[in-house]
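**Student:** Protein chains in written order, with the working numbering: chain A, 1 to 273; chain B, 1 to 346; chain C, 1 to 337.
Note that these hints are calculated values from the structure, not bench results.
Please note: incorrect hints may appear among the correct ones.
Some chain C residues close to chain B (C-beta under 7 Å, calculated; not the full set) [stated by the list, open to error]: (1) E177; (2) A188; (3) I327; (4) A330.
Simulated restraints, written as ranges between beta carbons of each label pair [as the list claims (entries may be wrong)]: (5) A/K69 to B/L27: 44 to 52 Å; (6) A/E184 to B/L7: 33 to 41 Å; (7) A/I255 to C/Y328: 49 to 57 Å.
Below, a list of computed lysine-lysine pairs in the DSSO-like style, where the Cα atoms sit at most 27 Å apart [unchecked claim]: (8) A/K125 to B/K21; (9) B/K21 to A/K114; (10) A/K57 to A/K73; (11) B/K285 to A/K69; (12) A/K125 to B/K155; (13) A/K114 to B/K3; (14) A/K122 to A/K30; (15) A/K188 to A/K125; (16) B/K3 to A/K125; (17) B/K155 to A/K216; (18) B/K3 to A/K122; (19) B/K20 to A/K54; (20) A/K114 to B/K285; (21) B/K21 to A/K73; (22) A/K57 to B/K155; (23) B/K228 to A/K122; (24) A/K30 to A/K188; (25) A/K216 to A/K69; (26) A/K54 to B/K155; (27) A/K73 to B/K155; (28) A/K114 to A/K125; (29) B/K228 to A/K69; (30) A/K125 to B/K20; (31) A/K122 to B/K21; (32) A/K30 to A/K125; (33) B/K285 to B/K20; (34) B/K20 to A/K122; (35) A/K125 to A/K73; (36) B/K228 to A/K114.
The C-beta atom is built at its ideal place from N, Cα and C for all residues, glycine as well.
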Amino acid sequence: MYALETKSLTLSYGNDPIIDNLSLQIPQGKITVFVGSNGCGKSTLLRSIARLLKPQKGAVLLDGKEITKLRTKEVARNMAVLPQGPIAPEGLTVMQLVKQGRYPYHNLLQHWSKEDEQMVRKALKDTNLEQLVDRPVDSLSGGQRQRAWVAMTLAQGTDILLLDEPTTYLDMAHQIDILDLLFELNEKEQRTIVMVLHDLNLASRYAHHMVAIHNKTIYDQGKPEDIITSEMVRNVFQMECDISVDMLFGTPICIPHGRGRVIKSGRKAMSLI
Amino acid sequence: MNKYLSLRNRSGTVSFLLEKKAIATFLVLVCVFIILFLGGLSVGSTMLHPIEVIKHLFGLGSGEYTFIIETLRLPRMIVASLVGAALGVSGLILQGMIRNPLGSPDIIGITGGASFAAVLFINYFSNTFSIKWLPLAAIAGAGVMSLLIYFLAWKRGVTPVRLVLIGIGMAAAASAMTTMMLVLGDNYATSQAYLWLTGSVYGANWQHVYALLPWVLIFIPLALLFSKTANAQELGDSVASGLGVSVQRHRFGLLLISVALAGAAVAFAGAIGFVGLIAPHIARKLVGRSFGSLLPVTALIGGMIVFLADVVARTAFLPLDLPAGIFVSGIGAPFFIYLLYRNRHQ
Amino acid sequence: MNPLFPHTTSKWLGLALGFCLFAASFVASIAFGQTRIAFGTVVDAFFHYDQHSTEHLIITTTRLSRAVIAAVIGASLAIAGALMQALTRNPLASPSIFGINAGAVFFVVMAITFFSMHSLSQYMWIAFIGAGVSAIMVYMLGSLGRDGLSPIKIVLAGSAITALFVSLTQGLLVVSEQNLQAVLFWLAGSVAGRSLEMLEPVMPFMAAAWGIALLIGRSVNILTSGDDIAKGLGQRTVAVKMLMAVVIVILAGGSVAIGGSIGFIGLIVPHIVRGLVGVDYRWIIPFCAFIGASLLLLSDVAARFIIMPQEVPIGVMTALIGTPFFIYIARRGFNKE
Chain A
1 MYALETKSLT LSYGNDPIID NLSLQIPQGK ITVFVGSNGC GKSTLLRSIA
51 RLLKPQKGAV LLDGKEITKL RTKEVARNMA VLPQGPIAPE GLTVMQLVKQ
101 GRYPYHNLLQ HWSKEDEQMV RKALKDTNLE QLVDRPVDSL SGGQRQRAWV
151 AMTLAQGTDI LLLDEPTTYL DMAHQIDILD LLFELNEKEQ RTIVMVLHDL
201 NLASRYAHHM VAIHNKTIYD QGKPEDIITS EMVRNVFQME CDISVDMLFG
251 TPICIPHGRG RVIKSGRKAM SLI
Chain B
1 MNKYLSLRNR SGTVSFLLEK KAIATFLVLV CVFIILFLGG LSVGSTMLHP
51 IEVIKHLFGL GSGEYTFIIE TLRLPRMIVA SLVGAALGVS GLILQGMIRN
101 PLGSPDIIGI TGGASFAAVL FINYFSNTFS IKWLPLAAIA GAGVMSLLIY
151 FLAWKRGVTP VRLVLIGIGM AAAASAMTTM MLVLGDNYAT SQAYLWLTGS
201 VYGANWQHVY ALLPWVLIFI PLALLFSKTA NAQELGDSVA SGLGVSVQRH
251 RFGLLLISVA LAGAAVAFAG AIGFVGLIAP HIARKLVGRS FGSLLPVTAL
301 IGGMIVFLAD VVARTAFLPL DLPAGIFVSG IGAPFFIYLL YRNRHQ
Chain C
1 MNPLFPHTTS KWLGLALGFC LFAASFVASI AFGQTRIAFG TVVDAFFHYD
51 QHSTEHLIIT TTRLSRAVIA AVIGASLAIA GALMQALTRN PLASPSIFGI
101 NAGAVFFVVM AITFFSMHSL SQYMWIAFIG AGVSAIMVYM LGSLGRDGLS
151 PIKIVLAGSA ITALFVSLTQ GLLVVSEQNL QAVLFWLAGS VAGRSLEMLE
201 PVMPFMAAAW GIALLIGRSV NILTSGDDIA KGLGQRTVAV KMLMAVVIVI
251 LAGGSVAIGG SIGFIGLIVP HIVRGLVGVD YRWIIPFCAF IGASLLLLSD
301 VAARFIIMPQ EVPIGVMTAL IGTPFFIYIA RRGFNKE
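From just these sequences and the hints, can you work out the full model?
**Tutor:** Have a look at this one:
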């Protein structure tokens, strides 16, 4: 059984549906990435899976149960969400942020159980933030800040992690930083990760399963090397490109056509592949 | 990790994580509070020696000052402290809820509703009903106004921005209506009403203390129970929801507490403004961002601001006994502006 | 959202209709009141004035001045509101929310308390100054920070300055019942009891401000597309903004000076007008003038009847009409979401 799936999902903010009749199964223990052009609805889809948006029609199922019918805390124990561009209140420290990830496990009298302490420590260790524990989040660099947020979701101790564009506004090094971290977590702990990424090449490097959203529904899904073709990129992104292969990882790389400097030796290097 | 103190009982059914800095600050503030309170009791149109006051409080006094201490000053200062604490916590909750450090009960119209009801009462009902029903009218006014604002802000849920904007609009409307009543009332009613609108604890007695006490003793601890969700909501509705917070329900609960506290405070002291704004800020500078630490500290600071303002009000311009509200606003408004300056990069 | 009068021809038609509305409201304001006067008599009073007729007397003294003042204030506040909304790019902007009223009141109260000024015409100049000071403070306070003037910041800055002046005013009034009574009716806003002579000193400035407002329509259009774009097109944005600010202060300040604290006209009317003619300020300004004047005239008539024989202060009347509208805008959201 799939941990997470959608059945005939229709989503809209007003009268026009953004996602229409979409059925999708999220493979367990793998990294799934939603890709598509701006405004295609990939963030909207993720938000509804995260229970942040109620579907017009259809349902999102968690372990076979309709997500909107479950209690919020129960969902939070199974699924952690990191929305796009989160803002930490001024002066909040890393420790104060990360420990809030334990919210779903608290009750009236229990606010810091042994397990809470262990999970927070582990989250801080995994994200390499132990030295920065008492620093205010807003004083950290972009990459460190994002790691703090990821740490919060890790402390939540869930099998499923949903992240909406976790790499936007980060420079390249920090983008790789976060994606590597998520990749490792998936490898070591088999956490199911579902992300929206806007960079197709990064997506193809890290995704086990890629879902291309277009025209209110799924255009294609599968392993990146199976579904990324010039035709797909033309239809989903309205862009002409050549598909090549990443020299380090062997995953598909999309090289857009258009203008730019042409260096003769470049062409030669390409033809060696 | 060593900034924290972890309390856990053996079976693990009770566990807390406390910030050491917050505990220390709280204890220091309690001491400061006591000292200033004693000072306040000593000062006034008749100056008393603090030692006399202390002796009296322990029952060893000469009985000479019983009237001044027990009938005049003590209830007045207790009411002032309770009012300040209630307003401070109310403001703290609202600032977290609207995610804006400039929130307070006056800005979003709660005090406006109470003021309208109070002035209405003074103009039209003070002949039929005894003035001791005035607090009830004020609380009812605050309650009705808040419900109105909440429902008007509801559109598949209540977002902080909508709450603030509608609150500001309703506050302006309430203010216009209140002004109308000031205009239509007779001279005596008008000055009474205007005095109430400025905020004063003049003439507070023990009955007031007993009436106000339950509100504070119930709702402030209740707010403490909501501290985890208040913290989570500050991270944004999406994050909070992902953490398992029932955002709309908890938001309503917090709003309810905030309104109850502000309504009760305003009912007994008139429309004292700015405490709900300043006290949380001072507290934040001292103990940081965690709601659980902020709450007790805010309550203490709020209480201190109001009773000190009252002490100044009744002493600085002797023989005049001015309303405390002027002095709270007199310090508060410039501070508010300073805050806008400080917060300009948000 | 398409405006009601999309084409230029229809806009001229609309403007003509606006003028008719204004004229009708003007006449209504003269005809209706505690003493009901027939339309015929109103016309007579202007063309065949009869010294011995009480009705003619009422018309040419109290009613006329009241109507003229209401018209002037209504038009001025509406134009000031439209410019303010353009200047701050905030559809919730209006002179009352910006603390102009509170500043004017405070300065008047100070004048009464410390300088014992008691005549209405003296109040005027002081209120004017107070309005200006307040506007400057709010603008500066709301512009602090990296992102400059943002909707919520301006509204909060307005609240702050209003609160400052209100509390200072309270401080002065609570100790003097006499002063409180003196200021009270004016505080609530009124167009009654003022003679046309009062309008005279201020009229040149107001008229000049109207003129400028009509002439800068095109510049305002460019400015509303964004500072950077406007500068790129060669506009001297600072000069335009300052001019707009001066016009706003003269119009809003003058209105407060004569009529006291009248709110919401500057807020509602620009919205109505935008729904009628779209976003071209060359049209918005004249439409605002007619509609604003009509609205205040009609509010004044209503204010006379609701609690006869007493009158509702007009500032309260406009708040009563304006609040539902304000709420509607706040609910709809102004980011065009």
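**Student:** So, for every hint listed, does it hold in this structure?
**Tutor:** Each hint, compared with the structure:
1. Given the 7 Å rule on beta carbons, the hint for C/E177 holds: about 5 Å separates it from the nearest Cβ of chain B.
2. At a threshold of 7 Å, the smallest CB-CB gap from C/A188 to chain B is about 5 Å, leaving the interface hint in force.
3. Below 7 Å, beta-carbon pairs count as interface contacts, and C/I327 has one with chain B at about 5 Å; its hint therefore holds.
4. Restraint check, C/A330 versus chain B: the minimum CB separation of about 4 Å is within 7 Å; hint holds.
5. Separated by about 48 Å at the C-beta atoms, A/K69 and B/L27 satisfy the suggested range of 44 to 52 Å.
6. Between A/E184 and B/L7 the beta carbon distance is about 35 Å. The supplied range of 33 to 41 Å therefore holds.
7. A hinted range of 49 to 57 Å holds for the C-beta pair A/I255 and C/Y328, which are about 52 Å apart.
8. For the given pair, A/K125 sits about 25 Å from B/K21 by alpha-carbon distance, which is consistent with the 27 Å threshold.
9. Distance hint between B/K21 and A/K114 is fulfilled; the C-alpha atoms sit about 22 Å from each other, no more than 27 Å.
10. For the hint pairing A/K57 with A/K73, the CA-to-CA distance comes to about 24 Å; that is within 27 Å, so the pair holds.
11. Annotation: proposed proximity of B/K285 to A/K69 is violated, straight-line Cα distance about 42 Å (limit 27 Å).
12. At most 27 Å may separate the alpha-carbon atoms for a hinted pair to count; A/K125 and B/K155 exceed this at roughly 42 Å.
13. Between A/K114 and B/K3 the CA atoms are separated by roughly 18 Å; this keeps the pair inside 27 Å, and the hint holds.
14. For the hint linking A/K122 to A/K30, the alpha-carbon distance of about 21 Å falls within 27 Å, and the restraint holds.
15. Taking the CA atoms of A/K188 and A/K125, the gap is near 14 Å; set against the 27 Å cutoff, the hint holds.
16. A distance of roughly 18 Å separates the Cα atoms of B/K3 and A/K125; the hinted pair therefore holds under the 27 Å criterion.
17. For the suggested pair B/K155 and A/K216, the alpha carbons sit about 26 Å apart, so the restraint of at most 27 Å is met.
18. Between B/K3 and A/K122 the CA atoms are separated by roughly 18 Å; this keeps the pair inside 27 Å, and the hint holds.
19. With a CA separation close to 42 Å, the supplied pair B/K20 and A/K54 exceeds the 27 Å bound.
20. Restraint check: the Cα-Cα separation between A/K114 and B/K285 comes to about 31 Å, which exceeds 27 Å; the hinted pair is violated.
21. The suggested pairing of B/K21 with A/K73 is violated, with an alpha-carbon distance near 31 Å, which exceeds 27 Å.
22. For the suggested pair A/K57 and B/K155, the alpha carbons sit about 20 Å apart, so the restraint of at most 27 Å is met.
23. For a cut-off of 27 Å, the pair hint linking B/K228 to A/K122 stands: about 21 Å separates their Cα positions.
24. Of the pairs offered as hints, the one joining A/K30 and A/K188 holds, with about 11 Å between alpha carbons and a cut-off of 27 Å not exceeded.
25. For a cut-off of 27 Å, the pair hint linking A/K216 to A/K69 stands: about 25 Å separates their Cα positions.
26. For the suggested pair A/K54 and B/K155, the alpha carbons sit about 14 Å apart, so the restraint of at most 27 Å is met.
27. For the suggested pair A/K73 and B/K155, the alpha carbons sit about 24 Å apart, so the restraint of at most 27 Å is met.
28. Our distance criterion of 27 Å between C-alpha atoms is met by A/K114 and A/K125, whose separation comes to about 17 Å.
29. Of the supplied pair hints, the one linking B/K228 and A/K69 holds, its CA atoms being roughly 24 Å apart against a limit of 27 Å.
30. Of the pairs offered as hints, the one joining A/K125 and B/K20 holds, with about 23 Å between alpha carbons and a cut-off of 27 Å not exceeded.
31. The hinted pair formed by A/K122 and B/K21 meets the criterion: a straight-line CA distance of about 25 Å does not exceed 27 Å.
32. Under the criterion of a C-alpha separation no larger than 27 Å, the hint pairing A/K30 with A/K125 is consistent with the structure, at around 22 Å.
33. Note on B/K285 and B/K20: the hinted pairing holds, with a Cα-Cα distance of about 15 Å set against a maximum of 27 Å.
34. Taking the CA atoms of B/K20 and A/K122, the gap is about 23 Å. The hint holds against a cut of 27 Å.
35. A C-alpha spacing of about 25 Å is found between A/K125 and A/K73, which places the hinted pair at or below 27 Å, so the restraint holds.
36. Proposed proximity of B/K228 and A/K114 is supported: the alpha carbons are some 18 Å apart, at most 27 Å.
In summary, the structure is inconsistent with hints 11, 12, 19, 20 and 21 from the numbered list given earlier, while agreeing with the others.
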